[in-house]
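Taken in order, these protein sequences are the chains called A and B.
So the first sequence is numbered by full-length UniProt numbering: it starts at 1 and just counts up by one.
So the second sequence is numbered by full-length UniProt numbering: it starts at 1 and just counts up by one.
Since the hints were made in silico from the structure, they are not lab data.
Since we're looking at a predicted model, the values are computed, not measured.
C-beta: ideal position from N, C-alpha, C; glycine also.
Example chain A residues on the side facing chain B (calculated, C-beta under 10 Å, incomplete): (1) 50; (2) 52; (3) 59; (4) 67; (5) 114; (6) 123.
Number of protein chains: 2
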Amino acid sequence: MNTGFKPMEMAFALAEQAALAGEVPVGAVIVRDGALVAADRNRMRASGDPTAHAEMLAIRAALAKIGSGRLAQCDLYVTLEPCTMCAGAIAHTRLRRVYYGAEDPKGGAIDNGVRFFSQPTCHHAPEVVGGIAEEKAAQMLRKFFAERR
Amino acid sequence: MNTGFKPMEMAFALAEQAALAGEVPVGAVIVRDGALVAADRNRMRASGDPTAHAEMLAIRAALAKIGSGRLAQCDLYVTLEPCTMCAGAIAHTRLRRVYYGAEDPKGGAIDNGVRFFSQPTCHHAPEVVGGIAEEKAAQMLRKFFAERR
Numbered sequence: 001m002n003t004g005f006k007p008m009e010m011a012f013a014l015a016e017q018a019a020l021a022g023e024v025p026v027g028a029v030i031v032r033d034g035a036l037v038a039a040d041r042n043r044m045r046a047s048g049d050p051t052a053h054a055e056m057l058a059i060r061a062a063l064a065k066i067g068s069g070r071l072a073q074c075d076l077y078v079t080l081e082p083c084t085m086c087a088g089a090i091a092h093t094r095l096r097r098v099y100y101g102a103e104d105p106k107g108g109a110i111d112n113g114v115r116f117f118s119q120p121t122c123h124h125a126p127e128v129v130g131g132i133a134e135e136k137a138a139q140m141l142r143k144f145f146a147e148r149r
Numbered sequence: 001m002n003t004g005f006k007p008m009e010m011a012f013a014l015a016e017q018a019a020l021a022g023e024v025p026v027g028a029v030i031v032r033d034g035a036l037v038a039a040d041r042n043r044m045r046a047s048g049d050p051t052a053h054a055e056m057l058a059i060r061a062a063l064a065k066i067g068s069g070r071l072a073q074c075d076l077y078v079t080l081e082p083c084t085m086c087a088g089a090i091a092h093t094r095l096r097r098v099y100y101g102a103e104d105p106k107g108g109a110i111d112n113g114v115r116f117f118s119q120p121t122c123h124h125a126p127e128v129v130g131g132i133a134e135e136k137a138a139q140m141l142r143k144f145f146a147e148r149r
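Take the sequences, apply the hints, and build the full model.
Structural data, given as structure tokens:
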């Protein structure tokens, strides 16, 4: 079934909304069986909560919607490589697959930093597809920070 | 000023409440200038949210109370060594100091696992005082899991 729903495009649209709101532009979308479960964007600044990353908010919203305490049938699409906190949350909730836009050498925790999913203390490692739309995602972040310098 | 407030004792009392509620017994207390800011315990099971660790809940409650978007003047007392997700949240919120009860070789991320605060992608490392009441904390966890096996 092709519903025409493109999760990564939605994640980028959410990232652009974040930038317009003065937030670091990251968007996250959680999908099951090709259908939207939950989605959000960075809200650290507006909420005064530095843990309000797009992934954390989308994960909590997806858990509330699904009600099983796990996201084992779900995939996460996110415009930037998740950080250490979010990688931990992804493992805890047993997300099946993670698709991310740009690598984040400074703060990423999947293919950079602590590479959490390869560590023995990681109890669940999702499949990872990284570097999707690398240039688009990186450009969006560069533009955001350049305008603020 | 000695108010008689003992944060680690409160964290242990919260951990015991967690065990009584069928949750893995972990409690967390956040303190500023010797006074309670926020406290919580594990609520993963009741909330159906595997990210509802004591530390995450206490951190968000402290942020909501303080309103500055940072916990730089605050210290965290927690009965068990924080996991990777919680270590990430501690760094993001710039907590000043972390006091923890028992080390967690299986899931800890401070003195075990990814040792996040020693990594170059960690943007803020709190002071850490680990292994406080190691035996008490470890015993509480062993008892909890033994009763469920």
